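Chemist: As a plain string of letters, each chain reads:
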Amino acid sequence: MSAAKKVFLKGNEAIAMAAINAGCRYYFGYPITPQNDIPEYMARHLPEVGGEFLQAESEIASINMLLGAAATGVRVMTSSSGPGISLMQEGFSYLAGNELPALVVNMSRQGPGLGGINATQGDYFQAVKGGGHGDYHLIVLAPHTGQELYDLTIKGFELAEKYRCLTMLLGDAILGQIKEPIDPWKPEKTAGDPDREWLITGARGRQPRLIKSLYLADGEMEKHNWRLQEKYRRLAAEDVMVETRHTDDARLVVVAFGSMARIAKTSIEQARAKGLRVGLIRPITLYPFPTATIGEISRQGARFLTCEMNTGQMVEDVRLAVENPGQVEFYGRPGGSVPTPEEILARIEETYQD
Amino acid sequence: MKQIFARPASLTGKNFHFCPGCHHGIVHRLVAEAIDYFDLRERTVGIASVGCSVFLYDYFAIDVIEAPHGRAAAVATGTKRVLDDRIVFTYQGDGDLAAIGTAEIIHAANRGENITVIFVNNSIYGMTGGQMAPTTMLGQQSTTSPYGRDCQRDGYPIKMAEMLAALEGPSLVARVAVDRPPNVKKARKVIRQAFQMQVENKGFSFVEVLSACPTNWGLNPQQAVKRVAEEMIPYFPLGVLKQKDVVDVL
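Taken in order, these protein sequences are the chains called A and B. Basically my numbering = 1-based index in the first sequence + 4. Basically my numbering = 1-based index in the second sequence + 1.
All clues stand as given, with none of them false.
Which residues of chain A face chain B? A partial, calculated answer using Cβ under 7 Å:
id	residue
1	68
2	94
3	204
4	216
Hints were generated in silico from the structure; no laboratory data involved. Everything numeric in this text was worked out from a predicted model, so none of it was measured. Quick reminder that beta carbons are idealized off the backbone N, C-alpha and C, glycines included.
All chains should be built: construct the whole structure from the sequences, respecting the hints.
Modeler: Structural data, given as structure tokens:
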């Protein structure tokens, strides 16, 4: 990290600046609230660095433009929210099948349907379990501060290239709209390896190359699927990211990601001040999920309180990770309602006393 | 001895899998001839679409990206925006381009993307087994219009070339046919011009090729070409609908 002067940016702007500093020169997108600062930043600043911003006719078009650009090996991104991300699911599936690296940002909004634009975490299932057809995964990163939005944008490109996968940065209106001081550090590596053997460049002096996901010959598709699974297995072995706090002596561990984790951090400090042995597990990668960390802590006998801004989605993965699913309680607020630290604290105290 | 006819270098030589009397083989050859003519094989990227022509990657000796159904023009846009000194073309059927991919083709055309689009209109879905296409003729029977296409229920055969020619963006919009040798020669010329447009950075070029699908029409190859001439061409008139200035290379 270089010692750079901090800049005061909205979360959405931090993502856009990080992407440009990471070498992303192509952005394709379609307007939708609450992420419009990203395309607007890109439209203004990409031309300054010789890049290209293109406003597509739909999210279906923008994800496919991204596909066409990603096949050449450049760093490319798009961003959207709820309904737009739903339209992109087809493209996500093809990007997974074609094994193309790229970054997509989901500044999620409430649903189902047109919903609303307040902060929510209702897209966890869609992001983590898929949403498009077929056996595939995205790499899903869940930042909880402006700086982390910046850092994980850069990390997102690197992971996408390492695994030839699509990385999704999953945020919400709180993260996208809050202004915070950001260290706009510049990574050393700003491009993928130009010698990758699959890049589509025109077959000059070499055999033609093909990017495809259609495998009709007997057994080919199964082989392709097992190869994808092997990547996901390696991803889970090498690149899980998780933050833990006060878990060593914790009797109760809150599990939360993104905005909810940020609120819960206050709540657990309030609980500690009251003498309650409460800890926090904050998954940073939602896929791959920090199953091992949660499992290990569950074997210390702690109970868990999963807090989400939805009706209970990540809690399913927490229950699968712990020794005994009975250890896991859930607290949630759906539909764009954001709990206060005191509301979470009340629930912590209640669960703690049980 | 002077060689006057050979397989284009841009074709791999793999035998086409197409049905007897299908025109994809002819259209593939015409595209390959155009790529050869301008010596573009090593800097061309083909975008395959979903339908019988998805396997063009087996037949063209070029880099190929397979696009999701209908999205070829959007994929080509992304590729061309990065590789702006390379030649990018899509090859799409009528279901792909004129039904599920309508939005993508209209907006790529309207942006004047510097790509070439080869649109094979055989008035039916081929690969999925003969369902009604947006270009299916009125009265034409298909597996999903078993009593014939009815304009009250199904609307009218869509005229993509005319629609795109109405936009400011495209540089070349034309409709050709490959039902008989004189038409094949005209098609060869127009497809070559379509690639020339892109070579000269003149923007979006679009060639609709009226073609036969004997298998799904339930006709033999001779009856099928007759149908192209007698039923399709009168409704889908041939010709160059729009052309910005370009030097005639022929």
